[in-house]
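Colleague: Going down the list, the sequences are from chains A and B. Oh and the first sequence: position 110 is 110 in our numbering, straight run, nothing missing. Oh and the second sequence: position 70 is 70 in our numbering, straight run, nothing missing.
What the hints contain is simulated information worked out from the structure, not anything from laboratory work. Where hints are given, some of them may not hold.
What the hints assert, rightly or not - With the C-beta cut set under 10 angstroms, the calculated list includes, among others, these residues of chain B facing chain A:
#1 Gly40
#2 Gln41
#3 Gly109
Unchecked claim - Each computed DSBU-like pair below joins lysine-lysine, with the alpha-carbon atoms no more than 35 angstroms apart:
#4 Lys69/A / Lys57/B
#5 Lys49/A / Lys71/B
#6 Lys57/B / Lys71/B
#7 Lys57/B / Lys14/B
#8 Lys14/B / Lys49/A
#9 Lys71/B / Lys11/B
#10 Lys49/A / Lys57/B
#11 Lys11/B / Lys57/B
#12 Lys58/A / Lys69/A
#13 Lys58/A / Lys57/B
We treat Cβ as the ideally placed atom computed from N, Cα and C, and that holds for glycine.
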Amino acid sequence: AQSVTQLDSQVPVFEEAPVELRCNYSSSVSVYLFWYVQYPNQGLQLLLKYLSGSTLVKGINGFEAEFNKSQTSFHLRKPSVHISDTAEYFCAVTGAFGNEKLTFGTGTRLTIIP
Amino acid sequence: DTGVSQNPRHKITKRGQNVTFRCDPISEHNRLYWYRQTLGQGPEFLTYFQNEAQLEKSRLLSDRFSAERPKGSFSTLEIQRTEQGDSAMYLCASSLVGRLPSYNEQFFGPGTRLTVL
Chain A
1 AQSVTQLDSQ VPVFEEAPVE LRCNYSSSVS VYLFWYVQYP NQGLQLLLKY LSGSTLVKGI
61 NGFEAEFNKS QTSFHLRKPS VHISDTAEYF CAVTGAFGNE KLTFGTGTRL TIIP
Chain B
1 DTGVSQNPRH KITKRGQNVT FRCDPISEHN RLYWYRQTLG QGPEFLTYFQ NEAQLEKSRL
61 LSDRFSAERP KGSFSTLEIQ RTEQGDSAMY LCASSLVGRL PSYNEQFFGP GTRLTVL
């Protein structure tokens, strides 16, 4: 079984400032890792994923994340945020066998301050 | 719109009533998942189908919950004798799974928000 910890429930950031949203995972097997974004009253949208290969993965809307196996982390970063980035962000994990259920963290609410 | 659709988007019911939600996956997607998201939490897995076969159910899915996917296309999730603790967003996702082991993205619908009074 896998688990995900997102320690920061809320992160306020000034517009155009950089941001890092933290995610740590636990698993006894190899994993796939994901970041999803949820805008108000909408479903989840995939931002980026790590399956294998390069540990630095780039996603949509200028976001990127780095897989660190030794620290069991998959932190999400963006060098300069915009008002439109205000949303809830979820880190998720699944076993690296494909096609398995996702286990999500509790989410981080990113609020951009003008 | 060719995405995952869910109906209704919102449902308000009284405790003890039965409710049914529908999910229409992306056409030709053979796998369908149900998740539940309560306030302040991330989505939690409930169950999934491969075509019409229900392959896994979470312990969160009590006897009051039942899900079906009769023809391998749309799916329904029914909750009998609703309780206030059932209030949540119910999310559906679908994916296209091939014969070889690989990653296949889950596409999520907008969810059905249930409020039990």
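Colleague: Take the hints in turn and mark each one as holding or not.
Modeller: Consistency of the hints with the structure:
1. Gly40: Hint holds; Gly40/B Cβ to chain A Cβ min 7 angstroms, cut 10 angstroms.
2. Gln41: holds, 6 angstroms
3. Gly109: This interface hint holds because 5 angstroms falls under the 10 angstroms limit.
4. Lys69/A / Lys57/B: holds, 30 angstroms
5. Lys49/A / Lys71/B: holds, 31 angstroms
6. Lys57/B / Lys71/B: holds, 19 angstroms
7. Lys57/B / Lys14/B: holds, 26 angstroms
8. Lys14/B / Lys49/A: violated, 40 angstroms
9. Lys71/B / Lys11/B: holds, 25 angstroms
10. Lys49/A / Lys57/B: Roughly 25 angstroms separates the two Cα atoms, so the pair holds.
11. Lys11/B / Lys57/B: With a Cα-Cα distance of about 23 angstroms, the restraint between Lys11/B and Lys57/B holds, given a limit of 35 angstroms.
12. Lys58/A / Lys69/A: Distance of about 17 angstroms is within 35 angstroms: holds.
13. Lys58/A / Lys57/B: At roughly 33 angstroms apart (the allowed maximum being 35 angstroms), Lys57/B and Lys58/A satisfy the hint.
Comparing the model with each earlier hint shows a violation of hint 8 alone; every other hint is respected.
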